[in-house]
Amino acid sequence: MSRYRTLFRQSALLYRFRRDKVAIASFSILLLLLIISFAAPFIAPFNPYDPTQIDIMDSNLPPVWQTDGDARFTLGTDTQGRDIWSTMLYGTRISITIGLFAVLLQSLLGIAMGLAAGYYGGRLDSFLMRLADIQLSFSTLMVAIVVLAVFQAAFGSELYNELAIFMLILVIGIAEWPQYARTVRASVLAEKKKEYVDAVRVIGLSRRRIMFRHILPNTLSPILVISTVQVANAIMSEAALSFLGLGMPVNQPSLGSLINSGFQYILSGSWWITTFPALLLILLVLVINLLGDWLRDVLNPKLYKE
Amino acid sequence: MALLEVRNLEVKFPLRQGELTALRDVSFSLDPGERLGIVGESGAGKSVAAFAILNLIGRPGYIAGGQVLFEGRDLSRLSATELRHIRGNRISMIFQDPMMTLNPVLTIGTQMIESLQAHRAISYTEARTLAIEKLRTVSIPSPDARIDQYPHELSGGMRQRVVIAIALLTDPTIIIADEPTTALDVTIQAEIMELLLALCENFSVALILITHDLGVVAQVTQRAIVMYAGRIVEEGATRSIIDSARHPYTQGLINALPERTRPGERLNQIPGLMPSLLDIPAGCAFHPRCPHTLTVCRFEVPDYSGSAQRRVACHWAGAHGEVL
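Line by line, the protein sequences give chains A and B.
Heads up, the first sequence stops at 335 in our numbering, and the numbers go up one at a time, no gaps.
Heads up, the second sequence stops at 623 in our numbering, and the numbers go up one at a time, no gaps.
Don't take every hint at face value.
Unchecked claim - List time: in silico BS3-like cross-link candidates among lysine-lysine, alpha-carbon distance up to 25 Å: (1) A:K221 x B:K311; (2) B:K311 x A:K223; (3) A:K222 x B:K311.
To be verified - Restraint ranges, calculated between C-beta atoms of paired labels, are given here: (4) A:R237 x B:S575: 50 to 58 Å; (5) B:S454 x A:I174: 29 to 37 Å; (6) A:P246 x B:E370: 33 to 41 Å; (7) A:Y44 x B:S454: 49 to 57 Å; (8) B:S422 x A:R237: 30 to 38 Å; (9) B:L377 x A:S168: 46 to 54 Å; (10) B:S438 x A:I53: 14 to 22 Å; (11) B:G357 x A:L129: 22 to 30 Å; (12) A:R48 x B:Y423: 38 to 46 Å; (13) A:F56 x B:Y449: 47 to 55 Å; (14) B:Y423 x A:P246: 49 to 57 Å; (15) A:I174 x B:G357: 41 to 49 Å.
Claimed, not checked - Every beta carbon over 12 Å from chain A, so not counted as near; a handful from chain B, in silico: (16) S341; (17) G357; (18) G365; (19) H384; (20) P397; (21) E413; (22) Q416; (23) E432; (24) R435; (25) L453; (26) I541; (27) G563; (28) E564; (29) M573; (30) G582.
FYI, nobody ran anything at the bench for these hints, they're computed from the structure.
Here the structure is a predicted model, which means the values were calculated and not measured.
From the three backbone atoms N, C-alpha and C, an ideal C-beta is built for every residue, glycine too.
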């Protein structure tokens, strides 16, 4: 283990990281957001999921520095009397969870398809890539809207509200696999022609072993780069769906549903309900994208082009 | 009985411009422990021959005819699973460029243990011990530390030693070395060739050495085959090929050696280029470049003359040569 530790300490990645202020700042902010969102139950002054802590009399209070502000609610409250700051923390947790798991699902699907298409080639390749083309010709949002709306209509919003988080992960995960499949396929096609693949074929290893153990690790850098960008994309998709009312339910709001719930009151002066979650969302997506850009520059996968 | 017998092997690549015949009528045999050199210019079909032996011709190429008999079994007819038990186990292969043949993201130990475990039912620790032992056999200093290193942490010569160690891991009966030293420095080349020679002798492994370097062939092999445009043009004991080449092409190769020229003079190169395999001249493929072209050379593909030990495919050599 200590060998790997020294390898990491000497790695070019760490060296480049230490010399890049934007990367350090982005990484620190992301880490901070991750910590405060996943530690939300300990940090947040209120639990927005607990109806006993919510008082309708506290509704629509402005942030503390405004004239009507209440010292208990730093960033004000929403229409139901929930503390915006606490709800944002919980909401960030949901957004990040959905983003990570959706990308995990995308990558599993996409890597498997991309590897198979690239390595076996021929008809399988044509079939999978045409499938990817078809999938990409529907926008993620369109697919998600149709699937989620049908699900809501078919099984009722009660069940939907319970399963919303899984549904979102599933829909965003399935809708975006072609990004991975294409990137992985392109790398596999390049790797497959290299001599070490001939060498392991000569050694007599099985195809599956060659694919997963030898080719896959060599395609990791483009996968890493699109993964960061895709997390940001997934968070955005989730926010967009929630904003359209097809995402997380109001009693379990993500950043997107918070923005949505405040949007209806923005013209009546309650600007804080929408503004603060929106700023947090922008910050979150921005730092992930900046990190992704930095990673791409460092790893320089020539294949990452859309 | 010969360990490996290649009979009338023919390999084709269907291309858009037409079908390319990379190997035609290639026959040779290899005895246990024997060291055979395959010599020829780039594109003569040497590497294709090596891949064809292991039935590893990449798509769209295919074996159009002939047999590759290894211990009496035709490798071109075996199933993928049966082939896997032979590849890397009974027949190993060493490639040209050790930078490219090792997977850059796995330690050399991982790669060695993996190929051992693919062919033997042994534990990780046993495999590791064996791997370290083989690294020691190929004279890698402090093998127990080196085994955990990545290919990029080793020098070119070291890497080729590792590749040889991997080829030796399963105690194969044949090693096919495809230009094993072309990517290395001249000083390292000699070291690696000596190592390979010593290992083949010590472990009585048969060697097929593919190269364009006649010097290496003379140093290492006992018998040699000269290939031109996908065909064998001359075969015989290495000494007799070098001392008394029969085919004008072989003579040309030997005359082109820098040792045959005085300093300051131009090298005696063979005029012209090897023909494209898509457009092989009629008759003897070498006739446009041959200094002894006869009329018959333009129309008729020469047959082999001579015995199985010493044969040549040339009209001119057949007419003018001494008794073979």
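Going through the hints against the structure:
Our distance criterion of 25 Å between C-alpha atoms is met by K221 of chain A and K311 of chain B, whose separation comes to about 22 Å. Only pairs whose Cα atoms come within 25 Å are accepted, and K311 of chain B paired with K223 of chain A is accepted, the gap being roughly 22 Å. Restraint check for K222 of chain A and K311 of chain B: the C-alpha separation of about 20 Å stays at or below 25 Å, so the hint holds. As the Cβ distance of R237 of chain A to S575 of chain B is approximately 38 Å, the hint placing it in 50 to 58 Å is violated.
One distance hint, 29 to 37 Å for the beta-carbon pair S454 of chain B and I174 of chain A, is violated here, with the actual separation near 59 Å. At about 36 Å, the CB distance of P246 of chain A to E370 of chain B agrees with the hint of 33 to 41 Å. Hint check: Y44 of chain A to S454 of chain B, Cβ distance near 23 Å, so the stated range 49 to 57 Å is violated. The hinted range of 30 to 38 Å is not satisfied by S422 of chain B and R237 of chain A, whose Cβ atoms lie roughly 22 Å apart.
In this structure the hint that L377 of chain B and S168 of chain A lie 46 to 54 Å apart at CB holds, the actual value being about 50 Å. Taking the beta carbon of each, S438 of chain B and I53 of chain A are about 46 Å apart, not inside 14 to 22 Å as hinted. Remark: the range hint 22 to 30 Å for G357 of chain B to L129 of chain A is contradicted by a beta-carbon distance near 40 Å. About 39 Å separates the C-beta atoms of R48 of chain A and Y423 of chain B, a value consistent with the hinted range of 38 to 46 Å.
For the pair F56 of chain A and Y449 of chain B, the supplied restraint of 47 to 55 Å is violated, since their beta-carbon distance comes to about 26 Å. Between Y423 of chain B and P246 of chain A the C-beta distance comes to about 19 Å, which lies outside the given range of 49 to 57 Å. The given range of 41 to 49 Å is respected by I174 of chain A and G357 of chain B, whose C-beta atoms sit roughly 46 Å from each other. Separation of S341 of chain B from chain A is adequate, the least Cβ-Cβ distance of about 16 Å exceeding the 12 Å criterion.
Not every C-beta of chain A lies more than 12 Å from that of G357 of chain B, the closest at about 8 Å, which undercuts listing it as non-interface. Residue-level check passed: G365 of chain B sits 21 Å from the nearest beta carbon of chain A, beyond 12 Å. With a cut of 12 Å on Cβ distances, H384 of chain B falls inside the contact zone with chain A, its closest approach being about 7 Å. At roughly 9 Å, the least C-beta separation between P397 of chain B and chain A is not larger than 12 Å, which violates its mark as non-interface.
For E413 of chain B, the shortest C-beta to C-beta distance to chain A comes to about 7 Å, within the 12 Å cut-off, and the non-interface label is violated. Not every C-beta of chain A lies more than 12 Å from that of Q416 of chain B, the closest at about 10 Å, which undercuts listing it as non-interface. E432 of chain B, annotated as away from the interface, keeps every beta carbon of chain A farther than 12 Å; the closest lies near 18 Å. Here R435 of chain B stays apart from chain A, with its beta-carbon at least about 21 Å from theirs, past the 12 Å limit.
Every beta carbon of chain A lies more than 12 Å from that of L453 of chain B, the smallest distance being close to 14 Å; the non-interface claim holds. Against the 12 Å criterion, I541 of chain B stays outside the reach of chain A, whose nearest CB is about 30 Å from its own CB. Look at G563 of chain B: its CB is around 39 Å from the nearest CB on chain A, clear of 12 Å, so calling it non-interface holds up. The Cβ of E564 of chain B lies farther than 12 Å from every Cβ of chain A, with a closest approach of about 38 Å, so its non-interface assignment holds.
Under the 12 Å C-beta cut-off, the non-interface status given to M573 of chain B relative to chain A holds; the minimum distance is some 23 Å. No Cβ of chain A comes within 12 Å of the Cβ of G582 of chain B; the nearest lies about 35 Å off, and the non-interface call holds.
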